[in-house]
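J.: So you can see what is in the structure, the chains are spelled out below.
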Amino acid sequence: MPDAADRPATAEVRIVADGADLVLAGRLDAAGTAAVWVPAMAAVQKGGSLTVDAAGITYCDGSGVALLGALRAGAAGRPFAIRGLQPGFQTLVDLVGEVAPPAVPAAPRLGPISRLGHAAYAMGGEAKRQVAFVGETLVYLTEAVRRPGRVRWSDFFLTLEAAGVRAVPIMVLMGFLIGLIMAFQSAIPMRRFGADLFVADLVSLSLLRELGPLMAAVMLAGRTGSAFAAEIGTMKVNEEVDALTTMGLVPVRFLVVPRVLAAIVVMPFLAMLMNVAGLFGCLVVMMSLGYPPVTFFNQLVGATTHLDLLGGLFKAAVFGLLVGGVGCMRGLQTTTGAAAVGESTTRSVVSGILLIILADGLFAVLFFYLDL
Amino acid sequence: MAADAIITVEHMRTGFGAQVLFEDLSFGVARGEVFVILGGSGCGKSTLLKHLIGLYSPWSGSIDIAGMELVTADEATRLAILRRIGVMYQQGALFGSMNLIENVRLPLEEFTRLPDAAVEAVALAKLKLVGLDRFAFHMPSEISGGMRKRAAIARAMALDPEILFLDEPSAGLDPITSAELDELILQLRRSLGITFVVVTHELASIFAIADRVIMLDKETRGIIAEGPPARLRDESRHPFVRRFFHRQAADAPAA
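Just so you know, the sequences run in chain order A and B.
The first sequence begins at 9 in our numbering and counts up one residue at a time.
The second sequence begins at 2 in our numbering and counts up one residue at a time.
In short, the hints are calculated from the structure, not lab data.
Be aware that a few hints might be false.
Over 12 Å on every C-beta distance to chain B, these chain A residues come out as not near it, computed from the model [as the list claims (entries may be wrong)]:
1. Ala114
2. Met243
3. Glu247
4. Gly256
5. Phe262
Sample of chain B residues facing chain A (criterion: CB under 7 Å; computed from the structure) [unchecked claim]:
6. Ile54
7. Leu56
8. Tyr57
9. Pro59
10. Gly62
11. Leu80
12. Leu83
13. Val88
14. Tyr90
Predicted model, so just to flag it, every value in this text is computed and none were measured.
Using N, Cα and C, we set each Cβ at its ideal position, and we do this for glycine too.
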């Protein structure tokens, strides 16, 4: 037979004239409480007075105290007593008292118009901050061009290395694969028309005008925009941005300008890298179709002009501005706590890619009307 | 307020959203004193500090720093005010990507025309003042929390400010390091005449450094006691002040 102190908890409910008697016995720890919780709470539901006979309880920890507290809260307003509980446990039960969730003041229910107003006000505030950020960034970017001595070039070159040099392998790989896949996929249907020579035209034109800058920018948003947001967001959480402000240094000039400048400068190079790697991918497919490299080269030169290339690289620089800017903005918008940094990082990538696509659409319309 | 006041706050009212934090706050800090802001957790000590250094704007009222109005200041005045103050944040807020001397050099490079060698010398001197010259080329992540706070004081002193704001200098430090920091504060005040505004709730530290304290209170949204700490401890009749200085729990009978 097990030792009395190790006996699992039991609950027994006896109905008496004006209510119920609940006899609890055994070890009221987490396991024991779990076993008796449902029958014990059922005793409270019976109404009338409730007397807990606790003389048989050999041990009672936080869970047991919570059970007794919940019973007391459940019997609120009705006669309630605990009998025979060992004094040591009784002190604990008295200290905790009733266990019931605090009344949470209900948030005032707003009508649809008030909610619309609140949402509009919040959006207006957000829009105002974004406009202010864009304005401030442009002011300090202009200042950086006019007075290059005031830019923190060490930060600029560090970012250039992280966003540019270290991105070379992945950019080359991705560009090569994109060129390869595009050429291969278009070669199959075009071959049926005997037009597989023009795969080179198709791939080179779409790479130079669209895909090179676009894919490089998406990669930048994922690798660098997120890094900007996380870096500046962490500085914000650590009060480093506050420290800058109270030193009289403007966070935008100090943190944003070098990063955005680096993103603008690095993007045409990355896009060019993407273009060249993609063309190599295309060349591989063309050679497997039996065309010599010189044929591919002739098609390339015939299909594209230097304006296609320069337009694409210009777009790339604008994408760099957008991705770098939005990354820094999300970083500076970080509130407090580690979770906020994660949220800013996510938002920087999502809004970065969204902005790239929007800008690309605008460029398509613009280039069409400019006959480029 | 007193004629030699370096900070004068008058009728400041502020809060977050709809919640009022301070209803009508007025106090002054005299030049060269160590002024301590006290209060229970969550009563807005750090928030008050952030108002004094211009990070938050009050709803109404005025904050005068070294003869310049901060609340309505234009950009040039704000910069002029910021140049005369230094701030040590609770966790130090050193720039993690720079080593200690670069942290101290930064304000010197941005705001002075000192030649490079002079900037280096001044930064080293400041680090030496807080006893960290041997760690000049360490990164903030490579030194202890107490050292980080001392380095933050060195950075805050880079431009020789008239007022230093310290947010909980002794929080999270052992008693010895904390006492060393107190000693450093007193020494800087003695030798350089810096005015200190300190947020803390370490009793030992308060009695060691404070010339005068104000006690803030969540309930009354204002100041409930003002004066030298020893006088508040011995003479104040306010139950919260008595409990604070005698380290009693809220439901203990007032002595």
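J.: Was the hint right that proline 59 of chain B lines chain A, CB cutoff 7 Å?
T.: 17 Å, violated
J.: Determine whether the non-interface label on glutamate 247 of chain A survives the test: each CB of chain B must be over 12 Å from its CB.
T.: 4 Å, violated
J.: Can we keep the isoleucine 54 of chain B interface hint, with Cβ of chain A closer than 7 Å?
T.: 5 Å, holds
J.: Mind verifying the non-interface call on alanine 114 of chain A? Its CB should be farther than 12 Å from each CB in chain B.
T.: 16 Å, holds
J.: Take the shortest C-beta to C-beta distance between tyrosine 90 of chain B and chain A; is it under 7 Å?
T.: Holds, about 4 Å.
J.: Hint leucine 83 of chain B vs chain A: min CB-CB distance below 7 Å?
T.: 4 Å, holds
J.: For the hint on leucine 80 of chain B, does the least C-beta distance to chain A fall short of 7 Å?
T.: 5 Å, holds
J.: Mind verifying the non-interface call on glycine 256 of chain A? Its CB should be farther than 12 Å from each CB in chain B.
T.: Glycine 256 of chain A not clear of chain B: closest Cβ-Cβ about 4 Å, inside 12 Å.
J.: Under the criterion of a CB-CB separation shorter than 7 Å, is tyrosine 57 of chain B in contact with chain A as hinted?
T.: Constraint on tyrosine 57 of chain B not satisfied, violated at 10 Å.
J.: Far enough from chain B: is every CB of that chain over 12 Å from the CB of methionine 243 of chain A?
T.: 8 Å, violated
J.: Quick one, is the leucine 56 of chain B hint okay against chain A at 7 Å, beta carbons?
T.: It holds, given that the least Cβ distance between leucine 56 of chain B and chain A is near 6 Å, below 7 Å.
J.: Is phenylalanine 262 of chain A truly not at the interface, in the sense that its beta carbon sits beyond 12 Å from all beta carbons of chain B?
T.: 9 Å, violated
Taken one by one, the earlier hints fail for this structure at numbers 2, 3, 4, 5, 8, 9 and 10, listed in ascending order.
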